[in-house]
Amino acid sequence: MGLIVAAGRKTSPVRDNEALVAKAGIGSMKEPAGKKVAAPFGSTAHYSLLAAPAASGVEPSTVQTIDLQPQDALAAWKRGDIDAAYVWTPTLGELTKDGKVLVSSREPAKQGKPTADLGVVTNAFAAEHPEVVTAWIKAQDHTVAQARTAPDRAAKSIGAELGLPTAEAKRQLSELMLLSAKEQTGSDYLGTPGAPGRSCAAESRRTGVSGPAGAVMGPIG
Numbered sequence: 001m002g003l004i005v006a007a008g009r010k011t012s013p014v015r016d017n018e019a020l021v022a023k024a025g026i027g028s029m030k031e032p033a034g035k036k037v038a039a040p041f042g043s044t045a046h047y048s049l050l051a052a053p054a055a056s057g058v059e060p061s062t063v064q065t066i067d068l069q070p071q072d073a074l075a076a077w078k079r080g081d082i083d084a085a086y087v088w089t090p091t092l093g094e095l096t097k098d099g100k101v102l103v104s105s106r107e108p109a110k111q112g113k114p115t116a117d118l119g120v121v122t123n124a125f126a127a128e129h130p131e132v133v134t135a136w137i138k139a140q141d142h143t144v145a146q147a148r149t150a151p152d153r154a155a156k157s158i159g160a161e162l163g164l165p166t167a168e169a170k171r172q173l174s175e176l177m178l179l180s181a182k183e184q185t186g187s188d189y190l191g192t193p194g195a196p197g198r199s200c201a202a203e204s205r206r207t208g209v210s211g212p213a214g215a216v217m218g219p220i221g
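Throughout the sequence shown, residue numbering follows this note's numbering, covering 1 to 221 in sequence.
Errors might be hidden in some of the hints.
Dumping the calculated DSSO-like pairs for lysine-lysine here, alpha-carbon to alpha-carbon at most 27 Å [to be verified]:
1. K138 <-> K30
2. K170 <-> K138
3. K36 <-> K100
4. K78 <-> K110
5. K170 <-> K23
6. K113 <-> K100
7. K100 <-> K35
8. K100 <-> K182
9. K36 <-> K78
By construction, these hints were calculated from the structure, which means they are not laboratory data. Note that the structure is predicted; figures quoted are calculated from it, not measured.
Based on the sequences and whatever the hints tell you, model everything.
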């Protein structure tokens, strides 16, 4: 079953909107060794959590990782069951109220271990419903444009959806690295069929996946 990456809002590099937050008393990446750290297993946060300690000279196996979704990690944080958590917004904002960010996903990305939120569609669905896929991509691209040109309006909508004050939604929105569909199909990121961008090529090397799974939908009209 081949997959095509669909260029849209969900194809965005993860940077400061995902981070490792620790309780008071843990001041550096070297200190979580032996501590209980939560992260959703199999997620971009989990991947970055495995990469971050090694970059700081800490053996990842010395960190006691616990599989928890962001909201469950927040509950465990409040109960005192965990010492740190690697999560994304909006839960990230809740943890930073009384915790300290030790590292964000920006750092692993600089070290050649980037992560991204990707929207994908099967070849079969794309071939059978091209108008649906195109409409979805255009809608996602529209949200990126609004977030860039009218951040107050975008933050108000996001806040209403997530139950956040507009100011907090705007702050969290500023942490996102949002790319337009045109930027995503450029050489710096995903590229196009037959000419994968640097980010897509790096991911293919990391995962060993190439061919149809590395293909990217072309620019939208």
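Review point. Does the alpha-carbon distance linking K113 and K100 stay inside the 27 Å limit?
Key: 23 Å, holds
Review point. Has the given pair, K36 with K78, been kept, meaning a C-alpha gap of at most 27 Å?
Key: 14 Å, holds
Check your understanding: Taken at face value, is the distance from the CA of K100 to the CA of K36 at most 27 Å?
Key -> Answer holds: K36 to K100 is near 15 Å, not above 27 Å.
Exercise for review: With a cut-off of 27 Å on the C-alpha distance, tell me whether K100 and K35 pass.
Suggested key: 15 Å, holds
Review point. Is K170 within 27 Å of K23, Cα to Cα?
Key: This hinted pair holds, its Cα atoms lying about 25 Å apart.
**Study point:** Restraint status (C-alpha distance of K100 to K182 at most 27 Å)
**Key:** Roughly 36 Å between the alpha carbons, so the hint for K100 and K182 is violated.
Review point. Is the Cα-Cα distance between K170 and K138 27 Å or less?
Key: Holds, because 23 Å separates the two Cα atoms, which is no more than 27 Å.
Review point. Is K78 within 27 Å of K110, Cα to Cα?
Key: Roughly 32 Å between the alpha carbons, so the hint for K78 and K110 is violated.
Check your understanding: Are K138 and K30 close enough, with their CA atoms no more than 27 Å apart?
Key -> Answer violated: K138 to K30 is near 44 Å, above 27 Å.
Violated hints for the displayed structure, listed by number in ascending order: 1, 4, 8.
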